[in-house]
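Visitor: Sequence:
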Amino acid sequence: EDLILNDRRLGALELRAINSGSAAAPVWQVQQLRIRNAAATLSASGSWQTRPGAVRRATAMDFELELRDAGGVLTLFGFRDTLRGGIGRLNGQIRWEGSPLRLDYRGLEGELALEVGNGQFLKTDPGIAKLIGVLNLVAAFVIFSADTSAWVSFKLFGLTGIFFAFVIGQTMFLSKYIE
1 EDLILNDRRL GALELRAINS GSAAAPVWQV QQLRIRNAAA TLSASGSWQT RPGAVRRATA
61 MDFELELRDA GGVLTLFGFR DTLRGGIGRL NGQIRWEGSP LRLDYRGLEG ELALEVGNGQ
121 FLKTDPGIAK LIGVLNLVAA FVIFSADTSA WVSFKLFGLT GIFFAFVIGQ TMFLSKYIE
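The opening residue of the sequence shown carries number 1 in this note's numbering; numbering runs sequentially from there.
Hints are computed from structural coordinates only; laboratory data are not their basis.
Take the hints with a grain of salt, since some may be wrong.
[Unchecked claim] Pairwise CB distance ranges, derived in the manner of DEER restraints:
{"no.": "1", "residue 1": "8", "residue 2": "32", "range": "19 to 25 Å"}
{"no.": "2", "residue 1": "52", "residue 2": "108", "range": "31 to 37 Å"}
{"no.": "3", "residue 1": "23", "residue 2": "81", "range": "46 to 52 Å"}
Keep in mind the model is a prediction, meaning the values are calculated, not measured.
All C-beta atoms in this analysis are idealised placements derived from N, C-alpha and C, irrespective of residue type, glycine included.
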């Protein structure tokens, strides 16, 4: 009921997985992974297996992150006071070489889609550059894909931050572009 990973209380965990394949080509099939907390629900399925021509096993996951409070998710991962609210979803298919327990950002490949609305970017120190760094997946929409489509509707509201009605984006990315 209370998954703790790297000192973070992620919430309730449901996991259903099986081992299949052979001794020469083992496959760990994740049939259902669900992590629920007050801010979001992550639902995923995937596998950890040897890909043709690869020496190491690779992880492939299809996922959907249903966001009830995107700011709460960022706070959970150490980015307090960067975003308030935010309702929507992030979904996609991601792949990397290695264990599902260790996400390899340098070898990450996949497709992502983001739809978030009704939130507020808060002031951060030292400014908007830090916010963009925190939300690097959103920035990846512009950097990694020629087919990028991203729309942002927002308004400035006094000195408290930027409100947004919605942020929508899609991208494909390959590990050779991530540094």
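Visitor: So which of those numbered hints doesn't the model satisfy?
Guide: 2
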